[in-house]
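**Q** All chains, full assembly: derive it from the sequences and hints.
Read top to bottom, the protein sequences are chains A, B and C. Residue numbers for the first sequence follow my numbering, beginning at 3 and rising by one. Residue numbers for the second sequence follow my numbering, beginning at 13 and rising by one. Residue numbers for the third sequence follow my numbering, beginning at 69 and rising by one.
Please keep in mind that the hints were generated in silico from the structure rather than gathered at the bench. The reader is advised that the hints may include incorrect statements.
[Unchecked claim] Using 20 angstroms as the maximum straight-line C-alpha spacing, the simulated SDA-like pairs for lysine to any residue come out as follows: (1) A/Lys-76 with C/Trp-287; (2) A/Lys-218 with A/Ala-409; (3) A/Lys-218 with A/Ala-416; (4) A/Lys-76 with A/Ala-96; (5) A/Lys-76 with C/Gly-310; (6) B/Lys-143 with C/Phe-116.
None of the values given here were measured: they were computed from a predicted structure.
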Amino acid sequence: MTARKTTLTAAAFLLSGTALMAQDVTLTIESWRNDDISIWRNQIIPAFEAAHPGIKLDFQPTAPAQYNSALNSKLDAGTAGDIVTCRAFDASLALFQKGQLADLTDLDGMANYSDVAKSAWSTDDGSQQFCVPMASVIHGFIYNADAFNELGLEEPTTVDEFFAVLDAIAADGSYIPMAMGVNDQWEAATMGYANIGPNYWMGEQGRNALIAGDAKLTDAEFVAPFEQLARWSDYLGRGFESQSYPDSQNLFTLGRAAIYPSGSWEIAGFRSLADFEMGAFPPPVQNAGDTCYISDHTDMGMGLNAASPNAEAGRTFLNWLGSSEFATLFANAVPGFFPLSNAEVTLDDSLAQEFISWRGDCESSIRPFHQILSRGTPNLSNESWGTSANVIRGGQTPADAAAQMQAGLASWYAPQQ
Amino acid sequence: MSDRARKRPFRWHIVVFLAPAVLIYTAIMIIPLFGTLNLSLFTRAEDGSRIFVGLQNFQTLFGDRRWSDAFWNATGNNLWFFIIHMLVQNPIGIALAAILSTPKLRFAAFYRTAIFIPAILSFVIVGFVWKLILSPLWGVAPTFMDALGLGNWFAPWLGLEESALTTLALISVWQFVGIPMMLIYAALLSIPDEVLEAAEMDGITGASQFWKIKLPLILPTIGIISILTFVGNFNAFDLIYVTQGALAGPNFTTDILGSYLFRTFFGFQLQLGDPHMGATVATVMFAIILVGVSIYLFGVQTRLRRYQF
Amino acid sequence: MSNPITSARGNLGRTAAAHVILIAYTILALYPVFLILINSVKQRRAIFNDPLALPTAETFDPIGFQTVLEQGNFLLYFQNSMIVTVVSLFFVLLFGAMAAFALAEYRFRGNLLMGLYLALGIMIPIRLGTVAILEIMVAAGLVNTLTSLVLVYTAQGLPLAVFILQEFMRQVSDDLKNAARIDGLSEYRIFFTIALPLVRPAMATVAVFTMIPIWNDLWFPLILAPGEATKTLTLGSQIFLGQYVTDWNAVLAALSLAIFPVVVLYLIFSRQLIRGITKGAVK
Chain A
3 MTARKTTLTA AAFLLSGTAL MAQDVTLTIE SWRNDDISIW RNQIIPAFEA AHPGIKLDFQ
63 PTAPAQYNSA LNSKLDAGTA GDIVTCRAFD ASLALFQKGQ LADLTDLDGM ANYSDVAKSA
123 WSTDDGSQQF CVPMASVIHG FIYNADAFNE LGLEEPTTVD EFFAVLDAIA ADGSYIPMAM
183 GVNDQWEAAT MGYANIGPNY WMGEQGRNAL IAGDAKLTDA EFVAPFEQLA RWSDYLGRGF
243 ESQSYPDSQN LFTLGRAAIY PSGSWEIAGF RSLADFEMGA FPPPVQNAGD TCYISDHTDM
303 GMGLNAASPN AEAGRTFLNW LGSSEFATLF ANAVPGFFPL SNAEVTLDDS LAQEFISWRG
363 DCESSIRPFH QILSRGTPNL SNESWGTSAN VIRGGQTPAD AAAQMQAGLA SWYAPQQ
Chain B
13 MSDRARKRPF RWHIVVFLAP AVLIYTAIMI IPLFGTLNLS LFTRAEDGSR IFVGLQNFQT
73 LFGDRRWSDA FWNATGNNLW FFIIHMLVQN PIGIALAAIL STPKLRFAAF YRTAIFIPAI
133 LSFVIVGFVW KLILSPLWGV APTFMDALGL GNWFAPWLGL EESALTTLAL ISVWQFVGIP
193 MMLIYAALLS IPDEVLEAAE MDGITGASQF WKIKLPLILP TIGIISILTF VGNFNAFDLI
253 YVTQGALAGP NFTTDILGSY LFRTFFGFQL QLGDPHMGAT VATVMFAIIL VGVSIYLFGV
313 QTRLRRYQF
Chain C
69 MSNPITSARG NLGRTAAAHV ILIAYTILAL YPVFLILINS VKQRRAIFND PLALPTAETF
129 DPIGFQTVLE QGNFLLYFQN SMIVTVVSLF FVLLFGAMAA FALAEYRFRG NLLMGLYLAL
189 GIMIPIRLGT VAILEIMVAA GLVNTLTSLV LVYTAQGLPL AVFILQEFMR QVSDDLKNAA
249 RIDGLSEYRI FFTIALPLVR PAMATVAVFT MIPIWNDLWF PLILAPGEAT KTLTLGSQIF
309 LGQYVTDWNA VLAALSLAIF PVVVLYLIFS RQLIRGITKG AVK
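**A** Below you can see the structure in the form of structure tokens.
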């Protein structure tokens with residue numbers, strides 16, 4: 003069936019008049035990085051095409067919140083692109099198990115990555131790889147440095163200092179203290195809960211305890227981040243309940259908000275939009291001197307659509323992703339996406355340097371629910387979107403939110419039963 | 013008519029008239045729909061193969077609180093969505109059509125054309141436009157309300173649990189009010205002048221003419237509109253998807269059957285789609301719509317008289 | 069009512085009230101569209117700082133349109149949408165009217181059943197059959213062609229067309245048709261020369277209601293024909309909006325470009341529509 007589908011799709015492509023040059027192969031790339039569209043089209047694609055005549059690239063991103071559904075249905079329909087940008091862990095693993103992503107274990111370029119980097123796109127036993135690791139992102143808070151100078155504020159290091167800073171900005175009144183909305187829900191979970199949480203559950207230690215069934219989501223260390231989120235609502239802009247992610251980005255880059263809870267992936271976009279100085283600080287710890295933990299998430303890989311008629315060209319492209327040429331290009335074109343390959347890379351962007359310097363000071367951890375815990379129904383990761391948004395809106399108490407998630411997880415995950 | 017009952021050669025023209033429509037309709041719509049109904053009786057095994065499970069998926073949908081709560085929530089929301097359309101969209105549509113059909117009204121063509129324009133815009137446009145207008149950040153709505161002295165009444169309606177669904181229903185009404193208006197308008201125009209002249213002779217004019225003469229005559233059209241609204245509302249999905257996303261926030265208060273089906277069928281983010289449960293939801297939706305339409309067809313339409321002019 | 073003067077004044081008052089209501093509603097219907105159009109040619113800061121203001125020499129900035137025209141392929145998308153919509157519409161109207169005529173005009177065994185069978189499609193969204201439709205299209209080699217969309221939209225539009233036209237076909241006077249039969253006209257001629265012209269107002273109505281969901285559909289283009297060469301305008305603008313969501317200049321420009329052709333198309337069409345409706349009434 004799949005083979006027939008492929009040939010038919012290919013034939014349909016030709017019939018429908020997508021006039022291709024005789025030998026030229028065009029690889030279509032599926033991605034959720036719509037913010038990077040101009041970087042791909044103006045920098046990465048020309049560099050690749052110059053080195054590989056005969057292969058053309060077409061970068062076709064979908065909006066982040068729709069990416070997975072759109073990709074899944076396109077893969078089922080046989081209309082997906084040749085190269086697929088992979089979410090970390092289970093979402094991509096499922097695609098591989100359905101036979102929709104090609105096995106890349108024997109790809110030469112795989113030698114350029116550490117096992118840690120590869121773990122996000124390997125089968126549970128680590129024997130097969132299905133996506134080439136591409137980048138990780140680090141969570142934190144970006145702030146308007148001009149606003150901080152104007153108000154005489156310092157980067158906060160503890161939670162108390164953090165709220166003192168927010169109070170000071172609110173008292174001054176010329177800036178919205180924090181730019182965040184809950185309309186799209188995922189910001190609340192990703193840039194809220196997963197951002198500040200590792201300091202409470204001590205990063206990997208807490209995450210692994212959850213997977214092992216030694217900790218529960220109703221334990222204090224998993225409820226505490228919700229309690230902090232509940233306090234945020236006083237500092238968000240008017241009408242944050244219907245504020246979307248792009249709204250928040252615009253609010254911050256237009257200079258109307260002082261702090262933006264987010265991560266390193268915003269750097270490239272913000273550089274082109276904001277006309278003020280920006281700084282960044284890691285999630286504040288509970289008490290001065292505590293070890294800090296950051297969410298340093300293996301975020302993005304690239305795999306090959308198993309049904310792609312251009313597998314050979316696709317592998318060429320994926321191999322190129324492992325080269326130091328790509329790593330340098332990518333790291334500086336999209337500062338804030340830190341390459342995962344072993345290639346030596348120097349970062350030019352000061353904000354990106356700031357983010358990556360935290361790796362030296364703090365312990366790294368990945369997002370809490372991406373590995374194993376989101377395999378069942380209800381899906382823990384999706385639930386955390388709703389509960390985090392509810393807690394910030396005041397629609398649910400931190401304890402209720404934690405209880406709901408724990409009940410959902412326990413309903414299908416044996417170690418938690 | 014009686015002559016046609018006599019024995020006569022096979023009437024090929026009936027076949028010719030019916031064949032194209034029936035063939036395309038059967039091949040592209042009915043057979044795939046049966047495919048979906050069939051899917052709901054199966055599930056996917058660990059190894060990826062399809063196994064027959066009978067009505068077990070339906071048992072899960074109605075028996076498992078995680079599925080049933082979401083399902084009844086979506087059904088309830090959908091009902092409210094429909095009620096708002098019936099209470100707001102259709103009366104406004106009828107009123108506008110009645111006003112438009114005033115004899116010798118100037119600029120009638122202009123009004124008619126303008127009021128219908130939102131209906132031709134895609135959900136992508138409508139959803140985006142209203143999101144922008146109601147956005148507290150962009151401030152069109154707040155600025156307006158400040159100008160009217162109602163500044164304090166502004167709220168981020170699309171983001172509040174109490175008001176999000178109603179707001180979306182009203183946006184949908186804004187978009188589609190032109191449709192009942194056009195249908196009623198056409199029906200009003202097709203009332204023969206003799207009937208209205210006779211009414212005027214009897215001194216029935218103005219509003220009472222509308223209530224006593226015109227309204228009864230356009231009842232069949234109102235019936236069709238109601239059923240179209242019902243079917244349209246219970247199939248709605250796009251507007252919710254474009255404005256609130258597949259999670260139908262805040263807290264699923266804007267989740268209707270269409271968005272629930274979409275999430276189940278195609279999955280969302282880390283949640284993988286489940287075609288079998290999706291097909292189950294689709295089958296139940298089909299049943300709901302079938303019941304609603306049957307109530308109309310057998311309970312209402314048979315009582316409406318048909319007029320031949 | 070007996071006093072002609074009060075009656076005239078009443079009429080005048082009523083007409084004024086009618087205009088006030090209609091003008092108010094027209095503003096409500098058109099203002100959001102107007103808002104998009106004026107902001108699409110303003111600078112980013114001006115869009116946010118004063119959304120209700122008209123663009124001035126200072127705030128004018130066509131950057132959004134530049135982005136859209138450089139990055140999007142809107143002319144091609146528009147052409148695809150036109151082809152799909154017009155061809156589907158033609159088939160829906162022709163086949164729908166033929167079937168409606170057969171059902172309304174002839175008594176034959178299974179007439180009622182056939183009517184119900186065809187009406188079934190009004191109640192079920194064709195989307196529910198997506199998976200199987202896709203399999204059929206793949207097997208027929210029609211994925212990523214406009215033909216697949218035309219087939220689906222024709223099937224989707226037929227039930228409603230048959231349902232509405234049937235009602236109107238029944239209203240066509242029997243005397244006319246029987247007279248034609250006595251004159252020896254074939255059933256086909258009766259359909260094309262007598263029935264069809266008489267149901268024109270209904271045809272115009274059906275045309276508009278069939279056209280709207282086809283033109284605006286996002287679902288099937290996304291699943292059956294997402295290729296660059298076959299993207300429809302709605303899909304093209306949705307993808308574009310997804311890609312440029314933070315760039316409001318581009319977003320507003322893309323929305324304007326998506327609104328403009330439909331409105332023009334509708335304005336051309338609406339003349340026909342209104343003419344059809346009024347002609348049917350005067351008859």
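**Q** Each hint needs a verdict: does it hold in this structure or not?
**A** Hint check results:
A distance of roughly 12 angstroms separates the Cα atoms of A/Lys-76 and C/Trp-287; the hinted pair therefore holds under the 20 angstroms criterion. Distance restraint check for A/Lys-218 and A/Ala-409: the Cα-Cα separation of roughly 10 angstroms lies within the 20 angstroms cut-off, and the hinted pair is therefore satisfied. Proximity of A/Lys-218 to A/Ala-416 is assessed by CA-CA distance (about 13 angstroms); at most 20 angstroms being required, the pair is judged to hold. In summary, the hint linking A/Lys-76 to A/Ala-96 is supported, as the alpha carbons are separated by about 15 angstroms, within the 20 angstroms threshold.
A threshold of 20 angstroms between alpha carbons decides the hint, and for A/Lys-76 with C/Gly-310 the separation of about 17 angstroms falls inside it, so the pair holds. With a CA separation close to 14 angstroms, the supplied pair B/Lys-143 and C/Phe-116 stays within the 20 angstroms bound.
Of the numbered hints stated above, none is contradicted by the structure.
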